[in-house]
Amino acid sequence: MFRDYVVLLSWLWYFWHIGDIHYDPTYSIQSNGDGSKCLNSRGSDESNGGGGAGHLSRLNGRGSSGGLYGHYDCDSSWALVDSAAKAMKGIHLDSIEFVLWTGDALARDEEMPLELRMQYLKNITDLLSHTFTGQFIFPVLGHDDVRLLNLSQIASLWSNWLPDEALVTLREYGYYMIEQRSKNYQIISLNTNLWLSGYSSGANVEARTGASSGYQRSISNSAQAAASTDPDPGGQWKWLDSVLRNASKAGKIVYIVGHTPPGVDDRNTGFSGLSDEHNAHYLQVVRQYSNIIKGQFFGHWHSDTFRIVYDDNNQPVSWIMISPSITPYRPGGPNNPGLRLYKFNIDSGEVLDYSQYYLNLAEANLGKRTNWRLEYNLREHYELAEVSALSLHDLADRFTQPNNHAFSRYYQANRVSLPRDIEEIWGCDRALSGLCALRHFCAVTRLNQRSYDKCVATYTLVLTQTGAASDNTPDGRQLVFWAVVSSAATFFGVR
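Positions -23 to -1, 1 to 472 (mature numbering (1 follows the signal peptide of the UniProt record, and there is no 0)) are the ones given, in order, by the sequence shown.
Quick caveat, the hints were computed from the structure, so don't treat them as lab data.
Honestly, I wouldn't trust all of these hints.
Unchecked claim - Distance condition first, Cα-Cα at most 27 Å in a straight line; then the derived DSSO-like pairs of lysine-lysine:
#	residue 1	residue 2
1	Lys66	Lys345
2	Lys229	Lys160
3	Lys226	Lys160
4	Lys345	Lys63
5	Lys14	Lys345
6	Lys99	Lys66
7	Lys320	Lys63
8	Lys99	Lys63
9	Lys229	Lys320
10	Lys14	Lys63
Predicted model only: the values in this text are computed from it and were never measured.
Can you make the complete structure from the sequences, with help from the hints?
See below:
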């Protein structure tokens, strides 16, 4: 009783960020113990001419056999999803203010009937409702959430979490704002599907890239289809500017929440998310209102990473946190499942820290039980004095410095402590190589495709010519990279 009273009076509260669940209802454990029957393995069979090999064959003999809780090359089993909910319920439940759910609840399945998709989405919604009975959950639309479903159906499903005024815009366009009238902060939930490359260009992303990313897919909702010709699809830009302008006038601060972040994939798959035009527009909006934007929270890439937004003078002005996924599957290499708990000042809205939790999937399958454990705390892990754009800029700069452990720590977190024998199948030109650090550095600090490509191309050439690209020795790693990139703030003058 006394503890509860103290918590209620305290300014220190928490919120969860969960995303990219990608529940696969077809997942099953095979008779040989290898949980390779899933939607992803079916896709691999097709792409490899049948036979059941696909990507899963790369994991054979590596201690990665599937089990009750899933497989590294499959989307989430129900047992995994349920275990994540149970884990969150046991951590700081009495001091959780809200939950951010950044989309992609279901695995991609072109053949799944509408009725089943709706039922599976309802199952996940019900699970989260039963887990957080005293907290509001603020959901975001992922690109797979609206496949074959209309926004009215989804709004009805989430109506217990959202006020009437939020449901109006969610039902019509897929975005909404939460006014915390008794608090100093507002939550802006974006529909980033309206800004994706394939939709805003009027063509599927495969036509642009020549390959399937595993992320961007066409959807049927009329509001999304309008994005192909409308420079402001769904009126989201006009709405966002109005919300931010009013918040600024009222002295409020805001959190921006979405599914697909600006910038490119840090795993070097070659795919961007937002169209070039909408990507640039978003960054300009963030620069304009950076004084009131206290946090940006996204998912989509299934990676534990972050991004930094710079102003026109190359000064860091805002940060974006990208949470890892619950699903272990990811094009370009898997992760362990992850959950993130933020600590924040409920009075000021300032984000103070976060705790990253994870499940060792191979261990869970072997022991037939889950142990979601703390992986790291942000500030301690990276030796940050605070959570700010400047501190994260300095962290990214440390990726380029010799004999600095910042990048190796980041790389381990980026793959959510994936077992080494699994990680090295995909790898990143070896975890401590100059090229690996370069690609991640450019993704973190270059939030448009042109500047990212220029960053990678310019310094890949330097690293290759000097032989530093594959140097993995303690003294030599990243040394030439550091010499030619002495300060992140001076790159090109464009971010």
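To see whether the hints hold, each was checked on the structure:
Distance hint between Lys66 and Lys345 is fulfilled; the C-alpha atoms sit about 20 Å from each other, no more than 27 Å. Proximity of Lys229 to Lys160 is assessed by CA-CA distance (about 9 Å); at most 27 Å being required, the pair is judged to hold. Distance check on the hinted pair: Lys226 and Lys160 sit about 15 Å apart at the alpha-carbon level, within 27 Å; holds. With a C-alpha separation of about 15 Å, the suggested pairing of Lys345 with Lys63 holds against the 27 Å cut-off.
With a C-alpha separation of about 18 Å, the suggested pair Lys14 and Lys345 falls inside the 27 Å cut-off, and the hint holds. Taking the CA atoms of Lys99 and Lys66, the gap is near 19 Å; set against the 27 Å cutoff, the hint holds. Note on Lys320 and Lys63: the hinted pairing holds, with a Cα-Cα distance of about 20 Å set against a maximum of 27 Å. Taking the CA atoms of Lys99 and Lys63, the gap is about 18 Å. The hint holds against a cut of 27 Å.
Of the supplied pair hints, the one linking Lys229 and Lys320 holds, its CA atoms being roughly 19 Å apart against a limit of 27 Å. Simply put, Lys14 and Lys63 have alpha-carbon atoms about 25 Å apart, close enough for the 27 Å limit, and the pair holds.
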